[in-house]
Structure formats: structure tokens, C-alpha cells
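On the provided structure of chain C, position chain U as indicated by the hints.
Number of protein chains: 2
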Amino acid sequence: MLRTPYYLIDKQALLPNLEKIARLRELSGCKCLLALKCFAAWSVFDLMSEYMDGTTSSSPFEVKLGRKHFPGETHAYSVAWDEADLLEVLANSDKIIFNTIGQLERFGEAASDHVRGLRVNPGISSSSFDIADPARPFSRLGEHDPERIGAVCDRVSGFMFHNNCENDDFDRFDAMLTQIEERFGHLISRMEWVSLGGGIHFTGEGYPLEKLAERLRRFSETYGVQVYLEPGEAAITDSTTLELTVLDTLDNGKKLAVVDSSIEAHMLDLLIYREQAKVAPDTGDHEWMVCGNSCLAGDIFGEFRFERPLKPGDRVSIRDAGGYTMVKKNWFNGVRMPAIAVRELDGTVRTVREFSYSDFEAALS
Amino acid sequence: MLRTPYYLIDKQALLPNLEKIARLRELSGCKCLLALKCFAAWSVFDLMSEYMDGTTSSSPFEVKLGRKHFPGETHAYSVAWDEADLLEVLANSDKIIFNTIGQLERFGEAASDHVRGLRVNPGISSSSFDIADPARPFSRLGEHDPERIGAVCDRVSGFMFHNNCENDDFDRFDAMLTQIEERFGHLISRMEWVSLGGGIHFTGEGYPLEKLAERLRRFSETYGVQVYLEPGEAAITDSTTLELTVLDTLDNGKKLAVVDSSIEAHMLDLLIYREQAKVAPDTGDHEWMVCGNSCLAGDIFGEFRFERPLKPGDRVSIRDAGGYTMVKKNWFNGVRMPAIAVRELDGTVRTVREFSYSDFEAALS
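Residue numbers (the numbering used here), protein chains in the order written: chain C, 13 to 377; chain U, 13 to 377.
Keep in mind that the hints were calculated from the coordinates and are not lab data.
No false leads were slipped in.
If several chains are the same, the list does not tell them apart, and a pair holds so long as it fits within one copy or across any two.
In silico lysine to any residue, SDA-like type, Cα no more than 25 Å apart, as pairs: (1) Lys80 <-> Glu100; (2) Lys267 <-> Asp157; (3) Lys266 <-> Ile161; (4) Lys80 <-> Asp371; (5) Lys290 <-> Asp142; (6) Lys290 <-> Asp94; (7) Lys323 <-> Pro149; (8) Lys80 <-> Glu366; (9) Lys290 <-> Asp180; (10) Lys267 <-> Pro158; (11) Lys323 <-> Arg167; (12) Lys290 <-> Ile143; (13) Lys266 <-> Glu159; (14) Lys43 <-> Glu193; (15) Lys223 <-> Val239; (16) Lys267 <-> Asp145; (17) Lys323 <-> Arg128.
This is chain C alone, in the form it adopts within the complex:
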């Protein structure tokens, strides 16, 4: 049996997300690209690519990963391209999207045979975290000014907007898109394609998928553009668990269980955003704080309810551990790196990657 900790990607649990994506594409005519910044476990790309159109990226390495492992379109975006990478990025992508007019001016010529786009920042967003808010003051993410953008419109065929973030409220999405139309509609109608980015939680329970599809179709028809979405979290929500074992228990005013993993090393966003992990079913009479095994005092997965008191050797399964976890995992404290396993559609579990001491040593020098 595979030793914990490991991330377990369940293809069966991916399917409901992927089927909603496929349905949205069908109803709306939009194309959906997986955002590799959220999820880049390429061993399940075979399945995902049956339901999605390709990938989008944040760096040259992600461009290359998308091109190599995910059939379909490869969008290349980065906050700033480095000239040294440009040829390889062009060779491995179908579109290149510039974050600023400055970058477009510097590299647009070299990319003149390529489909080019520009990131536009509408100055509004749905983020509840300042550090994740692309519309924060002085944001470097995209061009703001319609006049300046208008002046370079003939050098690009598309725009990328990315201003949603875990947005599960269709009306809010709708209202923000209307604001985008009011401000940038005259420019959008000069484009051939528009990406509306990621962060729309349209695979969530009860999300009005049909309304979204209708809204996207209307947008597409109004301006004569191919619409793209770039789901990350929405594509993989609740598909992956982090499988752990309790190593020690203690009582320091609360019942504490220390597991063989660390939020800082393996589920970094819990620390950055000061959030709590999810455990299912999280019911029962016994409340325990599940703690990580790093030296960090605040290395805490959260407080959960269990049917029985925890003891060393017990297994704990952290839910919804696919997004922004494996792509940010690190060797903090030299904590054993979780393996990556895939539960195939027939139920068999296949270990796709294990990490050893040598990997730890080689990460340093």
C-alpha cells in the first residue's frame, strides 16, 4: 500500500466538473482552457482533454507543459515575457498574450506571425483577498486605459480579462461583464477572440449554468468574438484528496492530532489565506485539531469532528486538495513530499510519482 502522505486524484470525481464544462461549451459556443497555475498534474490530462480545448499558462514552462501533455490549444500568457524565452514560447503556443503595451511593443514584431492578444484590466474584481485582487490599487496586471488600448488595437486580435476569483454568484459575473462591455465594448468589437479568464465557479452545486451559457453566447454574438474561459479550480474542484496518517496525539487544552504532512509544504494556500482545510463528513462527537508536522506553530489543517477519538495510525483524508496545492508544494522542513496517485475510472489506484530523499537533496545544492 502506498505510504502516506499522497495526493489522490480521482478521475471519477473529475467527471462531474468536466461534464459541466462540456455542457457549457456546447450551450455557449465558448472554449475552455485549463489554467495550469491551479492544476498541472499532467497524468490526468488525457481524460481532461476529452472535455476541454487546451491550456492556458503563466510562464514559459507552463506553456511547454501544456503543449507537451495537453492536446488542443495552448495559450501563452505571462505577466512579463523574457526575451530569452520568446522563440520557445512562440514555438509551443497558439496564441501569445502580452500583459502590457510595453511588452507588445517590444516583442510584437518578433511575434508578428503569431496570434497576439493583450491583457486588459477592467479595474473591478470579485476577489475578497487584497493579495489576490487583480483590481487592487497600482495593479500591474494588464492595461487599464481604453484610449491607450485603442491605439494598439490593430496589433492584436484578442483581449484577455481576468477579474473573477472564486466567484460563485452569476449575477455578480453578469454585472461585471456588463461593466466591461460599457467600458471596452467598442474595442472588443474590433477583436476576433476574448478570454474572460478563470475564477468563475460554474461547476459548483446549483450554479445556473444555462444562464451563464446564454450570457456568454450573447456576448460572443454581440461582438463577433470567440469566447474563452480559463477554469482552474472549477475544472478540478473536489476531485482530489490529500491522504494522511496520524503520527501523534496530545491534549493541550484541545485534542490535537499531528499528521504526516504540513500545510505550508503541501497545501500552502491554507497558510497564505489563513483558511481551514475540509474533511468529510466532519460530523461526530469528537472534535480534534489536526496539525501538521512542520516546526511552524501555525501549521494547522483545522478543527474537525470525528466519530471516534483519533490515535496514531489513523487515516485522515483532506478533501478538495487539488487546486493550488501540488503546483505550490515545497520542501519546507524536509517534510516527506506527498506522492501523487490517480484513481482510474475503473477504481484501480495507480501511483504516478513518488519523491525520495534524493529529490530533497537535489532541490538544494
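Just chain U, lined up with the frame of chain C:
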């Protein structure tokens, strides 16, 4: 020339720290072990080991790294040992320190031929961050109760206290040590060795090293114990820079420069603790916000002053980038991983590790 980004460890800049450590050891009789959780770039361990007694660790992999690359003593501590690792940890260490009485009871027998210790939590600390405060409510870090500890005293020969954190105030250290003595002195006198952990910033400018040495010597003599310190940051402070290149500039109400690195990927603590990086000399008429190249809106190194306006191709050197950086770097966004280079004592720069697309791909699966 080595392509940016890269961490540059300057052996010449390590020396002042190491010489202070050597002086403290000489004056006080204490032993100093490098805390690998802070700094584990083993290519400079040859130099460091001339001035220090060994390493301390937070996990089995760190134990192994210390034993393999750092001559001298290897202390093995972990918040929770996993039975599966125990034999290897014992084989690679000189002392094993248990975080709880529970772990001591479970594994003490198997380690009966080994030097054993227990972590004691004095319930006081100098941390100004809740998440880094080992004395926070319900802390899992060590045993609190003198009575319970007294009952197992005959099964260990030493204690580890670790309650300082970036403490540059000798009087505060002194006062906390006095509180430890008042509470645990009768137990300490039954021990042969005591580690007072890390987090004492005794290599900083103006720190009263002699007073600290005298205090440690007195503590050592009062209780008849060998004292250990476990410097991390203090051993490597201001020895390392992160060398970057400006990729793009823009003006969105402030002058912004985007560099070829990301705080989330390469200097994670700036994000976790919402702190600003350091640039030298940070003077001049031009104020710029230096931003990372990841997708994160808050990926900002900080605002600094420069002699001239920044432009693409300019180099930026982030100071004091050695502690808790390389050990936490990760592949967020697939941002190019900084190489690691060492400036030898004769001034020559040697590249000791570069990372490629293959390393990124192999970090996932």
C-alpha cells in the same frame, strides 16, 4: 554569465556571522548547530562546519542531509516521528529529541541505546507573529507541565526549549531564560544537556555577545549541562542575495518594475508574513515598486529607491535572501526556479545548481 534569477551565497559575507558564532562558543562553552529548516544549501557546509558543531533538523530528510553533508553532531528533532523512519533517523543522528511524552513512550525503548531528549514548551515566546509563536494557545510544540515532565525525566538526558524568534533583545532573552529556570530549573539540573533552540539574533549589529556568553556559561554551570544553540537566520544573515532582472516597466499610478522572480515562489516568507524585501542601498530620487512575474496580484517585493529609473534589462539584487527562501522555493506558476551560486572566498562565482523545464515537469506527474 549565469542567467537570472539566482540565489548568490557569498562565503565572504557568511564569515562575520560564523566568526561571531565561534566567539560565542569559545566564551560560553556552548555548542552551535545550524538549523537546516532555515538554511540547507549544503554546498557551503564545508565552510560553515569549520565554525559550528553540527546541525539540527525537523524531519528525517533533514537528519540525513545533516549527517551526510555537515561534519559534526546531528540532532534529530521532529514534531512527530513516523515509526517507518525511526531506524534510519537513529542511524543518522547523535541525539533524538521527542516532541511529546507520547512519542517518547512509543519510541523511547527502540531508541534506548541513543541519546534521547524531550522538547519542553515554557509557554512564553518572543514571536510577534501568531502563526510562528510556539507559545500560542493549544500549541502542539513540546510538553508544558513540569509534573508530567518530571515523571519521565529518567528516560531522557536533555531538554530542548525553542521559544525565541528573531529576538535581538538580550534582556528579553535573559528574562525568558530566568522564567524557564524558575519553572523548570529543578528538572534541568537532572539533565546532561539543554538546547535553547534558535531565534536569538546574536550575530546582529550591536548585539551584546559577551553578555549572552556570560549568561549561557552561568546557566551551564548552575545546572551542570552542556548548552546548545540552534542558530538558523543568525548563522546566515545578510550572506545571500537573490539576483534578478527587470523584464518590464509600467506606470499605473506608481512606477512598477516586473522582475523575473516571484515572492510566492522564491521568497515565500515575504508573502506569508506580509513583509517587504530589502534592497541596498535603497536611496536615490526614483521610487519604484518591484513586482514579481507570477499571476498573483500581491506578488510584490516592495517599494524601493533607486538612483535612476528602472528599465528592462536592469539588474536588481534583493538583500538578505538566504533564510527560509531556498528551503521553501516552489514551482508556483512554473516560474523559472532560481539557480544557486556560491561566491567563493577568492571572489570567483561557482554555479552549484541550475533548474530546467525537466525539473518542473518532474515535480508533478
